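The sequence shown maps to residues 12 to 142 in our numbering.
Derived by calculation from the structure, the hints in this document are not laboratory data. Model, not experiment: these values are computed from the prediction. We put the beta carbon where it would ideally sit given N, CA and C, even for glycine. Please note that the accuracy of each hint is not assured.
Stated by the list, open to error - Pairwise CB distance ranges, derived in the manner of DEER restraints:
1) P91 / S26: 28 to 36 Å
2) K38 / Y96: 21 to 29 Å
3) K116 / V90: 14 to 22 Å
4) E69 / D113: 37 to 45 Å
5) R57 / P141: 24 to 32 Å
6) S26 / D131: 31 to 39 Å
7) P89 / G133: 27 to 35 Å
8) S48 / P23: 27 to 35 Å
9) F64 / T140: 33 to 41 Å
10) M94 / T47: 29 to 37 Å
11) T130 / Y96: 19 to 27 Å
12) P89 / D111: 16 to 24 Å
What the hints assert, rightly or not - Pairs of lysine to aspartate or glutamate, EDC-like flavour, derived with a Cα cap of 16 Å:
13) K76 / E120
14) K128 / D34
15) K128 / D111
16) K45 / E120
17) K67 / E28
18) K40 / E101
19) K45 / E28
20) K124 / E101
21) K45 / E72
22) K124 / E72
23) K116 / E101
24) K45 / E69
25) K19 / E120
26) K38 / E72
27) K45 / D66
28) K40 / E72
29) K76 / E101
30) K19 / E101
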Amino acid sequence: MAETKERKLPAPAISDETQAYWDAAGKGKLLVRKCTSCGQVHHYPRTICPFCFSDKTEWVEASGKGTIYSFSVMRRAPVPYAMAYVTLAEGPRMVTNIVDCDFDKLKCEQPVKLVFKPTDGGPPLPMFTPA
């Protein structure tokens with residue numbers, strides 16, 4: 012059975028370094044950083060490449076497709092929710108929530124797609140739902 016209750020999500024903290032990320036989220040787009048020195052894509056958004064330490068990185072739009080790498084369902088919370096690592100089609104993994112589904116049917120390597128959920132007074136948060 013799909014979880015129908017909604018948690019009230021707090022607005023994310025926004026910095027100069029992440030402003031473009033959150034602006035894109037407000038337009039329904041997920042951005043990741045790509046290093047122009049080594050070619051690696053990374054997430055969470057940061058200017059310095061975690062692979063080669065170059066500061067030559069740029070924003071690229073992610074496809075919004077991924078697979079569940081691992082997950083855990085928090086059933087004792089006032090409103091149950093599923094936390095997960097999702098491997099994006101572009102390669103990096105991101106910590107997120109899996110929403111709008113029956114938590115009992117989730118499994119690792121399951122395809123998921125991007126959705127955005129509103130926050131309390133801020134930009135929407137990227138989350139995923141089964142594809």
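Here is how each hint holds up against the structure:
no., hint, verdict
1, P91 / S26: 28 to 36 Å, "holds (31 Å)"
2, K38 / Y96: 21 to 29 Å, "holds (25 Å)"
3, K116 / V90: 14 to 22 Å, "holds (19 Å)"
4, E69 / D113: 37 to 45 Å, "holds (38 Å)"
5, R57 / P141: 24 to 32 Å, "holds (29 Å)"
6, S26 / D131: 31 to 39 Å, "violated (19 Å)"
7, P89 / G133: 27 to 35 Å, "violated (21 Å)"
8, S48 / P23: 27 to 35 Å, "holds (28 Å)"
9, F64 / T140: 33 to 41 Å, "holds (35 Å)"
10, M94 / T47: 29 to 37 Å, "holds (32 Å)"
11, T130 / Y96: 19 to 27 Å, "holds (21 Å)"
12, P89 / D111: 16 to 24 Å, "holds (18 Å)"
13, K76 / E120, "holds (12 Å)"
14, K128 / D34, "holds (14 Å)"
15, K128 / D111, "holds (10 Å)"
16, K45 / E120, "violated (24 Å)"
17, K67 / E28, "holds (14 Å)"
18, K40 / E101, "holds (14 Å)"
19, K45 / E28, "holds (14 Å)"
20, K124 / E101, "holds (13 Å)"
21, K45 / E72, "holds (10 Å)"
22, K124 / E72, "holds (14 Å)"
23, K116 / E101, "violated (25 Å)"
24, K45 / E69, "holds (5 Å)"
25, K19 / E120, "violated (28 Å)"
26, K38 / E72, "holds (12 Å)"
27, K45 / D66, "holds (10 Å)"
28, K40 / E72, "holds (7 Å)"
29, K76 / E101, "holds (9 Å)"
30, K19 / E101, "violated (30 Å)"
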